[in-house]
Structures are given as C-alpha cells and as structure tokens.
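Protein chains: 2
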Amino acid sequence: MQTGKITRRELLIGSSVMALGALSSSAHSAFLPNSGGVGFPLPWPYKKIDPQEAASISYNGFYTAACCYGTAKGILMPLQRLVGEPYTLVPLPEAIASGRGGIAGWGTTCGALVGAAVVAGFIAPLDAAESIIRDLFHWFGETSFPIYEPVSAKNVVRTRSASNSPLCHIAAGKWCKKAGKPFKHPEREEWCARLTADVTAQAVTLLNSWSEGTLGSGRRNPRTVYGAPAQYNCLECHSGGVPEMKKP
Amino acid sequence: MQTGKITRRELLIGSSVMALGALSSSAHSAFLPNSGGVGFPLPWPYKKIDPQEAASISYNGFYTAACCYGTAKGILMPLQRLVGEPYTLVPLPEAIASGRGGIAGWGTTCGALVGAAVVAGFIAPLDAAESIIRDLFHWFGETSFPIYEPVSAKNVVRTRSASNSPLCHIAAGKWCKKAGKPFKHPEREEWCARLTADVTAQAVTLLNSWSEGTLGSGRRNPRTVYGAPAQYNCLECHSGGVPEMKKP
Numbered sequence: 001m002q003t004g005k006i007t008r009r010e011l012l013i014g015s016s017v018m019a020l021g022a023l024s025s026s027a028h029s030a031f032l033p034n035s036g037g038v039g040f041p042l043p044w045p046y047k048k049i050d051p052q053e054a055a056s057i058s059y060n061g062f063y064t065a066a067c068c069y070g071t072a073k074g075i076l077m078p079l080q081r082l083v084g085e086p087y088t089l090v091p092l093p094e095a096i097a098s099g100r101g102g103i104a105g106w107g108t109t110c111g112a113l114v115g116a117a118v119v120a121g122f123i124a125p126l127d128a129a130e131s132i133i134r135d136l137f138h139w140f141g142e143t144s145f146p147i148y149e150p151v152s153a154k155n156v157v158r159t160r161s162a163s164n165s166p167l168c169h170i171a172a173g174k175w176c177k178k179a180g181k182p183f184k185h186p187e188r189e190e191w192c193a194r195l196t197a198d199v200t201a202q203a204v205t206l207l208n209s210w211s212e213g214t215l216g217s218g219r220r221n222p223r224t225v226y227g228a229p230a231q232y233n234c235l236e237c238h239s240g241g242v243p244e245m246k247k248p
Numbered sequence: 001m002q003t004g005k006i007t008r009r010e011l012l013i014g015s016s017v018m019a020l021g022a023l024s025s026s027a028h029s030a031f032l033p034n035s036g037g038v039g040f041p042l043p044w045p046y047k048k049i050d051p052q053e054a055a056s057i058s059y060n061g062f063y064t065a066a067c068c069y070g071t072a073k074g075i076l077m078p079l080q081r082l083v084g085e086p087y088t089l090v091p092l093p094e095a096i097a098s099g100r101g102g103i104a105g106w107g108t109t110c111g112a113l114v115g116a117a118v119v120a121g122f123i124a125p126l127d128a129a130e131s132i133i134r135d136l137f138h139w140f141g142e143t144s145f146p147i148y149e150p151v152s153a154k155n156v157v158r159t160r161s162a163s164n165s166p167l168c169h170i171a172a173g174k175w176c177k178k179a180g181k182p183f184k185h186p187e188r189e190e191w192c193a194r195l196t197a198d199v200t201a202q203a204v205t206l207l208n209s210w211s212e213g214t215l216g217s218g219r220r221n222p223r224t225v226y227g228a229p230a231q232y233n234c235l236e237c238h239s240g241g242v243p244e245m246k247k248p
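One line per chain: the protein sequences are A and B, in this order.
For the first sequence, the tail end lands on 248 under the working numbering, and the numbers increase by one without skipping.
For the second sequence, the tail end lands on 248 under the working numbering, and the numbers increase by one without skipping.
Among the hints, a few may not be true.
If chains are identical, the list can't say which one is meant, so a pair holds when it fits in one copy or spans any two.
What the hints assert, rightly or not - Below are the SDA-like pairs computed for lysine to any residue, each with C-alpha atoms no more than 25 Å apart in a straight line:
1. Lys184 - Gly218
2. Lys177 - Gly227
3. Lys184 - Arg223
4. Lys177 - Ser211
5. Lys181 - Arg223
6. Lys177 - Ala228
7. Lys154 - Glu244
8. Lys174 - Gly227
Everything labelled a hint here was simulated from the structure, so no lab data went into it.
Since this is a predicted model, take the numbers as computed values, not measurements.
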C-alpha cells in the first residue's frame with residue numbers, strides 16, 4: 001500500500017474503516033501495520049498438529065499457569081515448531097493466562113474454552129473461528145470430563161462430570177457436588193487439568209478438520225436460533241434449575 | 001540466550017518449564033522465541049492514553065465488528081500511534097472479534113469485557129492484569145449503562161440498565177426486559193455500542209492508574225473470598241432469581 005502521502009494516524013484510522021469490508025468478507029485482512037511496520041496479517045498459517053501431543057502440553061501447561069494458558073500453549077507450541085513465526089514471536093499463552101478460573105477467578109467462561117477461542121481467531125477467518133468455537137462450546141457442555149489419561153498424572157481424579165454449560169462456576173460446581181469435594185481439592189484441580197487437555201484435543205481436531213475443508217457449517221449462531229446470545233439449553237437456568245444457596 | 005547447542009524443540013519444551021518460575025514471579029517473561037526469532041516479550045510497553053479517545057474508537061469499532069473487537073481496537077489503536085511496535089504488528093482486535101455476543105453468540109462473558117481482559121494481559125503483568133479485570137468486572141455489574149454520549153450517534157438509546165453480572169445474556173436480557181424491546185433492535189445495538197465505549201474508558205482509566213502506580217491491590221480473587229470462582233453476588237442466581245421461561 002502506498003503510504004507516502006498520508007500520515008500514520010490516517011492509516012490507523014483508515015484500518016478501522018477497512019476492517020468493515022474485510023471482516024464482512026474474508027473476515028481477516030483488516031489489519032494495517034504502520035508505514036514502518038511489517039505486521040503479521042490474519043489468518044496465521046496453520047499446519048495440522050497431533051491432538052494428543054497438544055493435549056499433553058496442555059495438561060502440563062495447566063500446572064504451570066492454569067486452564068487458559070494451558071489450552072493456548074497446547075495448540076501454539078506445536079505450531080511454533082511446525083510453522084515458526086509469527087507463533088514464535090507473540091507470547092500469547094502468557095498474555096491470556098488471566099483467563100483462568102472463568103477469567104480472573106470470576107467463574108464466567110471456562111478458561112480452557114477462552115484460550116482455545118482466542119487461538120482459533122488467529123488461525124481461522126472469523127466465520128470459521130466462530131463455527132469452531134460454537135462446536136467446541138456445545139461439545140464441552142455435553143461431555144463427561146475427564147477423558148484424557150496423563151502418561152504421568154499429577155493427581156488422581158475419581159469422578160467424571162458433565163456441565164451442560166460453558167461456564168467455569170457451573171462446570172466446576174457440578175463436579176464438586178457430584179464428587180462431594182470442595183473446589184480447593186487436588187482432585188478438582190486434576191479434573192480441570194485433564195479437562196484442559198480434552199478441550200485442547202477437541203479444538204485441535206476441529207482446527208484440523210477446518211484446514212482439510214471438512215469442518216462443515218457447524219452449529220447455528222444462538223443469536224439466530226433464540227433471537228439473543230444464549231446457550232442451547234435455556235431451561236438449564238430458566239426453570240428453577242439453579243439451586244438455592246445452602247445455609248452456612 | 002545461547003542456543004547453539006540445543007535444538008529449537010528443546011528450546012520450546014524448555015519454555016514450558018521456565019514458564020513456571022516466570023509466571024509465579026513476574027508472571028510475564030515466560031516466552032522463549034525460537035533461536036531464529038526476536039519476539040515481543042511481555043509486558044508490552046504502555047503509555048497513558050485518553051479514555052475518551054479510546055471510547056470514541058470503541059464506539060465506532062462496535063459498528064465495525066462488535067463488542068470484543070471494539071474494546072480491543074479502542075485501547076490498541078492509540079497505543080499503535082504512541083508506542084508503535086509491537087502493537088502495530090499484531091492484529092489483535094481482528095483476531096479476537098469472535099468474542100462478540102458473549103463469545104461467538106453464546107451469551108457468556110460480555111465480549112467488551114473479554115476484549116479489555118485480553119488486551120490488559122499484554123500490557124500488565126498477570127497479577128496486575130487480574131486486579132484490573134476484577135475491578136472492571138465488578139464495576140461493570142454495578143454500572144447503569146450507557147454513560148457514553150457519542151459525538152455522532154448511530155442510533156438513540158432511551159433506556160439505561162445495570163446487569164449485576166458480567167454475562168452478555170444476562171446484561172443484554174435485563175436491558176431488553178427493562179426497555180420492552182427485543183434483542184434484535186437498533187436501540188439494543190446502540191446500548192451495546194455505548195457500553196463497549198464505557199468499558200473501554202474504564203479499562204483505560206484502570207490501566208492508566210496501574211501505570212502511575214496508583215491502582216492499589218484491587219478486589220480480592222472470588223476464589224479466595226468464596227472458595228470457588230464466582231461473581232460477588234451469589235444470590236443473584238442462587239435464590240430463584242433466574243426467571244422462568246415465558247410460554248411462547
């Protein structure tokens with residue numbers, strides 16, 4: 001792009017306008033580096049990776065910096081080896097580590113899902129990334145975790161549990177209730193570590209399918225199905241399904 | 001770092017182990033570029049920016065690619081001008097645009113909050129980023145939106161509403177109920193656009209305070225307060241507070 005006659009500020013402001021067309025079409029070429037920059041335009045190159053290798057990195061990554069760091073590290077470390085730059089230049093797993101505990105401990109979206117969603121957005125165009133994320137969120141709610149069996153387990157986990165929700169507080173809370181154990185327990189931590197590995201393996205499987213052109217259209221946007229952003233299982237909350245607080 | 005005698009794979013595997021110490025201390029120097037890479041280690045340089053300039057960029061950014069893109073663009077575009085690289089090299093707002101609608105339309109964490117949280121993690125060390133995020137989430141729930149008044153408004157919005165929740169489905173749903181309007185309505189869209197500007201201005205205010213050393217310790221991690229990841233207002237959900245579904 002010829003930038004000789006416009007300022008960097010005009011370029012940057014222009015990028016916001018150009019983003020409209022880009023995001024509505026290929027969804028990802030909206031980024032304009034400044035006139036002195038090189039930049040790493042989206043989508044970043046992807047090569048198929050081994051879901052089990054990624055899961056193993058994520059399991060160990062969980063014990064380094066928890067769930068959000070774990071899924072991001074599991075997907076990105078193989079891409080650092082297979083692709084190199086720009087994956088080797090941007091410390092994305094460390095930057096989004098605050099996604100842990102449903103984002104900074106608030107119990108909202110499971111941090112493992114947040115990590116996978118953020119990474120997918122660097123690899124796949126927006127529409128494809130959202131299809132991958134919706135498939136991943138839906139699979140997450142229906143899956144009884146953990147599936148992953150570590151080669152060298154940090155702890156045991158005796159209870160498997162499904163959440164019917166992508167929310168950390170609900171997913172972990174249901175496990176705690178079923179297991180009869182508090183959140184602050186090595187088995188719950190191991191449950192989250194293996195769940196993190198499982199989310200990574202599933203995200204990689206979806207990314208591999210997308211890269212082969214076999215992903216399909218994915219699930220519809222809940223906004224379209226329900227007329228508002230929502231989970232697929234309204235009555236999970238809207239039918240007195242949320243338990244009363246126990247008396248202390 | 002001298003890498004002459006170890007392979008890239010060893011380096012990458014090593015980075016995961018080194019991350020443990022790094023994340024438990026400064027939280028951010030865990031990233032190792034490959035032996036051919038330069039890398040942009042965390043935290044990225046920050047210069048104080050104008051909350052109102054950032055809010056204005058976010059408001060317009062919302063109408064480009066919605067809430068998550070909007071907050072990220074509002075914070076990062078001024079930093080592209082004031083700092084330059086690495087902000088000019090990484091298309092972060094476009095990469096995380098799928099955060100819209102509570103992440104790909106699932107109604108989980110408000111996308112405006114997700115965008116601000118991801119950006120904060122590149123700027124502030126993990127502990128500080130999490131303090132900023134917790135303050136932002138708490139402020140979000142208690143604030144009656146919108147506050148922001150666009151210089152050139154795309155639509156009107158007649159109803160102000162507070163959510164008591166960082167979740168998109170709950171925040172937008174409460175606005176729709178109070179306004180008596182469906183989610184798919186120009187006033188709801190304008191409400192989200194101005195809320196996105198408000199979240200950006202508040203995030204920038206917190207980042208500026210952090211950069212001046214006046215942020216303080218912030219709110220405690222809900223995991224510590226409640227023994228599990230959670231909001232601060234348990235009875236919002238755990239007291240029959242979730243309405244029954246209306247009959248179609």
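Outcome of the hint check:
With identical chains, the CA atoms of Lys184 and Gly218 are at most 25 Å apart between copies only, with a shortest distance of 22 Å across copies and 36 Å within one. When the C-alpha separation of Lys177 and Gly227 is checked against a cutoff of 25 Å, the pair qualifies only between copies, where the shortest distance is 14 Å, while the shortest distance within a copy is 33 Å. Within a single copy, Lys184 and Arg223 get their C-alpha atoms only as close as 36 Å, which misses the 25 Å cut-off; across copies the closest is 9 Å, which meets it. Taking CA atoms no more than 25 Å apart as the test, Lys177 paired with Ser211 passes in neither setting, with 39 Å inside one copy and 42 Å between copies.
In this assembly of identical chains, the alpha carbons of Lys181 and Arg223 lie at most 25 Å apart only when taken from different copies (15 Å versus 36 Å within one copy). In this homomeric assembly, Lys177 and Ala228 come within 25 Å of each other (Cα to Cα) only across copies, at 12 Å, whereas the closest approach inside a single copy is 30 Å. Within a single copy, Lys154 and Glu244 get their C-alpha atoms no closer than 34 Å, and across copies no closer than 42 Å, so neither meets the 25 Å cut-off. In this assembly of identical chains, Lys174 and Gly227 lie within 25 Å of each other by CA distance solely across copies; the values are 14 Å between and 28 Å within a copy.
Violated hints, in rising order: 4 and 7; the structure is consistent with all others.
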